[in-house]
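Add chain P to chain A, keeping to what the hints say.
So the chains spell out like this:
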Amino acid sequence: MRRLVKAAAIVAVLSSGRASAAPTPVGATPVVLVAIDSVEVTGTTIVVAGVEEGAGAPSEWSISFYVTSSDTFAMGQLEACHRMALAAMTKPGAYRLTLWDQGSYSYAHCRLSRVTP
Amino acid sequence: MSRTWLVAALALGCLRCGGGDEAPAAPYDPATVDADGDGVFALSDCDDTRRDRWQRLAGFADGDGDGRGAGTVVQVCSGLALPAGWVTDGSDCDDVHGDRWFLAEAYLDADGDGAPEAPLAQVCRGGALPAGWAEAPSDCAPGDRLAWTERAYLYRDVDGDGETVASAGVICAGAALPAGYSMDARGDDCDDANPAVYARRDAFVDADRDGVGGEPGVVCAGASLPAGWATGGGDCDDGNARAFTVTSASRDADGDGRGAEWDTVCGGGYGGWLPAGWSFDGTDCDDTDPFAWERLAYAYVDRDGDGHALQQYGSVCTRYSLPPGYAASLPWSWTLGECDDADATRWLALTGYPDVDGDTYGASPGESLCTAGSLPAGYASRGGDCDPADASRWQSLYAAYRDADGDGRFVSAAMYVCSGASLPAGYSNASPSQPLDCNDANPDLFLAVQGAPDGDGDGFGAGPLAPVCTGGTLPAGYVAKGKDCDDATSSLWRWVVLYPDGDGDGVGAPPRAIRCLGATIPAGFSELGWDANDRDPAVQLVSGDELSIATEL
Chain A
1 MRRLVKAAAI VAVLSSGRAS AAPTPVGATP VVLVAIDSVE VTGTTIVVAG VEEGAGAPSE
61 WSISFYVTSS DTFAMGQLEA CHRMALAAMT KPGAYRLTLW DQGSYSYAHC RLSRVTP
Chain P
1 MSRTWLVAAL ALGCLRCGGG DEAPAAPYDP ATVDADGDGV FALSDCDDTR RDRWQRLAGF
61 ADGDGDGRGA GTVVQVCSGL ALPAGWVTDG SDCDDVHGDR WFLAEAYLDA DGDGAPEAPL
121 AQVCRGGALP AGWAEAPSDC APGDRLAWTE RAYLYRDVDG DGETVASAGV ICAGAALPAG
181 YSMDARGDDC DDANPAVYAR RDAFVDADRD GVGGEPGVVC AGASLPAGWA TGGGDCDDGN
241 ARAFTVTSAS RDADGDGRGA EWDTVCGGGY GGWLPAGWSF DGTDCDDTDP FAWERLAYAY
301 VDRDGDGHAL QQYGSVCTRY SLPPGYAASL PWSWTLGECD DADATRWLAL TGYPDVDGDT
361 YGASPGESLC TAGSLPAGYA SRGGDCDPAD ASRWQSLYAA YRDADGDGRF VSAAMYVCSG
421 ASLPAGYSNA SPSQPLDCND ANPDLFLAVQ GAPDGDGDGF GAGPLAPVCT GGTLPAGYVA
481 KGKDCDDATS SLWRWVVLYP DGDGDGVGAP PRAIRCLGAT IPAGFSELGW DANDRDPAVQ
541 LVSGDELSIA TEL
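Protein sequences appear in the order of chains A and P. Number 117 marks the last residue of the first sequence (the working numbering); no jumps. Number 553 marks the last residue of the second sequence (the working numbering); no jumps.
Read the hints as simulated data drawn from the structure, not as lab findings. Every value quoted in this text rests on a predicted model; they were computed, and no experiment measured them. No residue lacks a Cβ here, since even glycine has one placed at the ideal position from N, Cα and C. It cannot be assumed that every hint is accurate.
As the list claims (entries may be wrong) - So these bits of chain P aren't anywhere near chain A, every CB distance computed over 12 Å:
1. 52
2. 253
3. 264
4. 276
5. 327
6. 354
7. 365
8. 400
9. 464
10. 477
11. 508
12. 533
13. 536
Claimed, not checked - Pairwise CB distance ranges (calculated):
14. A:115 - P:425: 19 to 29 Å
15. P:368 - A:68: 54 to 64 Å
16. P:436 - A:41: 38 to 48 Å
17. A:114 - P:416: 51 to 61 Å
18. P:390 - A:68: 55 to 65 Å
Excised from the complex, chain P in its bound form:
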């Protein structure tokens, strides 16, 4: 068939070549016209303008000139064969690149890092794989254009804090180890999971996170200590964030917010937190009473509430104001003066003197009595009763003289006598008209007379004269003369100084003698003793008078 059409086309071509110039142009008849002279009439010639094309052949466009076309089959106006650019093989998988024409499986460097990566993928290739493909995968990090090859490392810095830890391994990387991996050590990160910490530091455990540590320890830290640690220790209670230092405070036993005794407690420092039962206010005056904490001064008290007050300065532990019965200034309803502030029935202090005999004078000393306004019965307002049991006597009066025995003779008394309105009988202040009583206990003896006992009845008593208390005269056995030199011999009664009188002229001479004598001077003696020559009765004085001699001295 194709051959037939070819002959017809050629014939038509020849006809046109034989006589076209000379003969008038015949009407165009494609069936006979072969304009291009390829031997195929235009009617059959698929391109009657080109001699090299006349028939239609099925072909594929071969855009890249690799002899294989792509796309859908196309009837291409051809000559004996398909024109250039068309091929009968339509299996070209890439009609753009001449070096690629069939599909195969290879590994693509999808991430563009120069290292092909799994998985296998279809690739349009030629004799060689196109760029970016490889027969075997080498990319250790598919999809990551920055990592493609495995690199060894010795240290890691996972947390990126610049401090490494020893940790050898291999990592898929790019041209160099990625950040966080190194072959060299930088420090010794104690916690590579936390960029905030990297170095071990001595610190204190701060369990309660109050900034003050308790037990010492070592902690992995950064520029600052991690939570739960503190640079300083000394936390007295690391389980309580509000208590961290020993704090001076006062114990508040009664819970009124004020303490009494100062002590130390684990708290938040002065002015800070304190545990229950403690206070910075140490002014509680009564730490056992929650309703009393301040001491208020008072000047008056009426504890028994009788309206009679006592001026008494003091203070009482109370709150806000003085309690009943206490006042700083005297209230109008109180009267000053109180002797028993515990008994409302007594308020006036009076001095009472026990008056047993009812003479209105009591016995001293007086008693301070707290009364209801007046002295009770049995007491007098005045004291000094010298005889509390005798109503007739109450005052002591001075008595200069006394006559106790009632003989009418007084003795000096100079005494006070318990009396009534005046001195009782037997006492007087008047000077006695008679001598004083020498024995105020015996009415028969009242007059002192000088005398001495006369043992021998010679009228001279023994010893010197002495007062003898009498009834007016010396009693028997006493005489008014004394110094009896021998009271046992009635003939001897006096001591006499005698001088031997050798010449019998009546004047003796020493040596003297003292003799106990009676009335008579014994012979040969004289009471005179100045005889200058006791052997010559004519001579007594040598010359002159002794008084003249004495006067001239």
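Chain A with its partners taken away, still in its complex shape:
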């Protein structure tokens, strides 16, 4: 019986290519994604769908950058984060994309790291 339940769970995970729920905003606790399924830029927000480390199913996360017309730095950060997500999606399993946002008065963070340095 336990085996049957486990198998059903696995099938469910595999059949869901992408989470349908609204993306979860990234908070101060870093979110480590080990697989990237899609990257979407909407305005100043990047929505990343993928599999979080230790999770049994994919999910969607969003990270926002406080960009103003005079703040080219934040825009550069957004573009860099976008490239990191694309790189991780291009080579599955090779990188880990870590996202976190410490909230007010702090920039959003994106970090791309190799699984095996």
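Positioned in the frame of chain A, the structure of chain P alone reads:
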């Protein structure tokens, strides 16, 4: 005898006639002398100078020559008969008028109006009645020379006001009807007994003669209305000459000459007479008290007479001056400040806080107490006692940290603690030197450690890590690792993303799978998934490095 005397007289006369011229005059001898030659000697001749008179005959003087004399009988020297002017009939009743000689009864026009009048009177008349007399009376108004005949009339004006009334009759009058009588109508005198009135006029009965009538009516009037009538009506009380018009006034119930409520009453008009209980002065502020009528303002009161006054603006209904206990300005004998103006034993308002525990801090909120100068026992002048029943605590002090279970570990409190001079034990504002207590109700639990329950004992707990309140280390059944994908199977503990590795080169290719695994990756799968040709172990990337590609974007 008379005859003898006549002969002698004649003889004597002859003697004198025969020889007088020749013979010397003899001495006069009346007995023989007949000077007048009437045959009667002078001695007997009553008038020897006239031949036609010689004897005396009794007669009456007939002055009017009507053959009848009047007066007393007189011996008249006569001849054979009485001389002219004398008669023997002395019955003449009027010896002046020849046409009147005997007395008769007739009616005299005594008043000279041409009409004889009664009563019968004696008149000296002749064949006809003298002028002014008549056999029958015709004067209807004896004694009135202006009225003598009866005249008919149809109208009268008794009062002489020029207006007549129909009244036919006959009146003794003169040449014309007298004033007050006429054959023609002049108007219609409604009251012929009063010359002042003559025409009927619509008017109003003015019973009280105040010039204003009451009930309407018709009155006989002249140029002006008679007393008791008025041209105008509306008298609201025709029995009272002083009240005639509806007058606005105020009721004076207490009889002090001032009323309170305005109303209308039958009176003499504004400023005129008013009945008792009414006044034109409507300023009575208390119409139930005859000794209070004017409202005087006050600014201070001391009703209880304790000398402590209250500043209070108002007014009181009184008379002439403010009553005791009220003043417009603060009297020297009063002290301003009064909390109970009905109790002479209390005057000072103090805020007192109930102090049950006697720590000189009372419980808030304070009570406003009216005192005799100081707070009564059981009250403190300061409040805020956070524990009114505990004398050791009275003020709230801020405490940033709390150690309720006494394990020496604090939790953030940010609270106020009822304290004495300082915070009680278990509270502190100093930053703790140790981590905060994760359970301040249990002295055995004080340190939060990240952990997860490990159901299968594989060292991985179910679900994500979460703080676990401990006594320093995770308790049994908890581990420091979480996310066990199967916490019921000790050989499985992690979710792994796997890619089928068809060519066995260690790098798989999508589609991926997420598998709950233990330490071992199953054969034919890889955690790497970028193999461009998973059927050729020699090929993994088509060309270039993915980081270069991403960087060029």
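Now the hints, each set against the structure:
no.: 1; hint: 52; verdict: holds (196 Å)
no.: 2; hint: 253; verdict: holds (81 Å)
no.: 3; hint: 264; verdict: holds (82 Å)
no.: 4; hint: 276; verdict: holds (91 Å)
no.: 5; hint: 327; verdict: holds (68 Å)
no.: 6; hint: 354; verdict: holds (48 Å)
no.: 7; hint: 365; verdict: holds (41 Å)
no.: 8; hint: 400; verdict: holds (24 Å)
no.: 9; hint: 464; verdict: violated (8 Å)
no.: 10; hint: 477; verdict: holds (20 Å)
no.: 11; hint: 508; verdict: violated (8 Å)
no.: 12; hint: 533; verdict: holds (15 Å)
no.: 13; hint: 536; verdict: holds (18 Å)
no.: 14; hint: A:115 - P:425: 19 to 29 Å; verdict: violated (54 Å)
no.: 15; hint: P:368 - A:68: 54 to 64 Å; verdict: holds (59 Å)
no.: 16; hint: P:436 - A:41: 38 to 48 Å; verdict: holds (41 Å)
no.: 17; hint: A:114 - P:416: 51 to 61 Å; verdict: holds (54 Å)
no.: 18; hint: P:390 - A:68: 55 to 65 Å; verdict: holds (58 Å)
Comparing the model with each earlier hint shows violations of hints 9, 11 and 14; every other hint is respected.
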